[in-house]
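Residue-level listing of the chains:
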Amino acid sequence: MIGVVGTVPDLRFPLTHGFVRLANGHIDICGLNVPVNRGTPALLAAALTASEWIKGPQIYAFLAGDIGRGDGSRLLYPFLERHLTEFDFSVLTFHYLQPDVDWHNRVLFAIQAMKKQPLLIADAGYMYAAKMSGQAKSYDFFTPDVGELAFLADEMAPHPFYTRGFILHQDNDVPDLIRCAYDHQNAARYLVVKGQPDFIADERGVIETVDHPSFEAMEAIGGTGDTLTGLLSVLCSTGFRLPDAAILAAKINRWTGYFANPTPAMQVMQLVIHVPPALTEVLNPRAGGR
Amino acid sequence: MFRFLKKGKADPGERKSATFSADLGILVFENTSDVIRAETVLKKAGWAVRVMGPPPEIRSGCDLVIEFPLIEELNILRELEQADIHPLSVVPVSAPLLVPVDLFHTKDFGEYVMVRAANMKITVSKKDYRIVNISGGGCPDVPFLAQQMVGKTLSESPKPRDLGHTLCGYALQLAYEELTQK
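Same order as they appear, the protein sequences are chains P and H. If you're matching positions, the first sequence starts at 1 in our numbering and goes up one per residue. If you're matching positions, the second sequence starts at 1 in our numbering and goes up one per residue.
Chain P extracted, bound-state conformation (with noise of 0.2 Å):
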């Protein structure tokens, strides 16, 4: 079973767990229905797509309505705290949360109680909290984008809107700004980097870029980062070696730009129907694929 943490756009939404399904472009959980535009619920839709393709695990998530205040993540972090070791699953991400770290560390405790470790991902807000912790080491991937990436690369910044300039200059220099981060202990285990090319590296430094199909006009869409970060929640859950899961999961998110044929106006859901072509295209090429 895969977890995942995060907040929907809608104050009026409590804080609800269980078992998610897609439908009619919006994910369901406990009767209550979240459109998909971006953030958690995109994470949720690309995941749900790619786990019923792959027969791959069920997926239960921990959501509340959050706009910005705080909300919402106030009332999962001292619930996570309280109830983690109640589940047991083999992937745990984290998404759209207020960065706390207060809390992402008491959170990381609970983690560290459950009977068994899942693999650990981090993303987004969370991704932020985790690194001010100083606790990047204990996450398996943290899946920035580059401007995230000079973020973690930048040992004094408590947030991206702090990145030194000296820093941000280097956007072209993704294995430099991946070695600074290690360096200075804010990466996790692996990074997944999204860009053009995508990196995947560890601590030794790159391991594999992805860079085909390119469309210039995924970075303008709000969410492709987080359906690439579903994405890698399912194949880490599925035996892959996690290089290669990371691997992978870039390369279908990039076929779903494929045979979406994108716009910079393009939504995500408008993507995300697009995940089953792509997961062919990559995992099973014979049976659909060029």
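These are calculated hints, taken from the structure and not from any lab test. Remember, predicted model here, so these are calculated numbers, not experimental data. Watch out, some of these pointers could steer you wrong.
Unchecked claim - Covered by chain H, per the in silico footprint, the following chain P stretches (three or more residues, Cβ under 8 Å):
#1 7 to 13
#2 59 to 72
#3 90 to 103
#4 124 to 137
#5 148 to 157
#6 220 to 231
Stated by the list, open to error - Pulled a few chain H residues facing chain P out of the computed Cβ check, cut under 7 Å:
#7 A83
#8 S94
#9 L98
#10 P100
#11 Y112
#12 N119
#13 V132
#14 S135
#15 G138
#16 C139
#17 P140
#18 D141
Beta carbons are placed, not taken as given, at the ideal position from N, Cα and C, and that holds for glycine.
Starting from the structure of chain P, add chain H where the hints point.
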């Protein structure tokens, strides 16, 4: 005589020049929304304040503080009080503060243009200035802001500073301003 004690607001330019030699303090708020509101009120009133990153000892995760001339503390607190904004504390600046990112990247997609500030990106149609996408970021107001802004023109759309609550929301405001100036 005692003109320096005279009440009333100086003009903004006068106030600004008076602050450069003063020692600096920071106003700490409960959340970023209050910081954004306070910045709006104080800048509108002509105070020379800057939004900055907090020092490590009071940092919790997604923070902004307002740097201001310490000598003006009472006047500034009064201004905020009138706007019903209440800082948690006032702290003298004892070390350099983090400076928000001020680099912008622009990408031209032909029919569309995208501007990135820090980790936030906003894309509009060149034809009618309609916001077609918002991407990047990691704080929970990003999906909310996207929900409220995508599909509207730059002039119709609410401003990120009016709806945002986090550093990501603030970064989106900077990208939005950069875009509107283009």
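Could you tell me which of the hints above the structure violates, numbers in ascending order?
-> The structure conflicts with hints 7 and 8, although it agrees with all the remaining ones.
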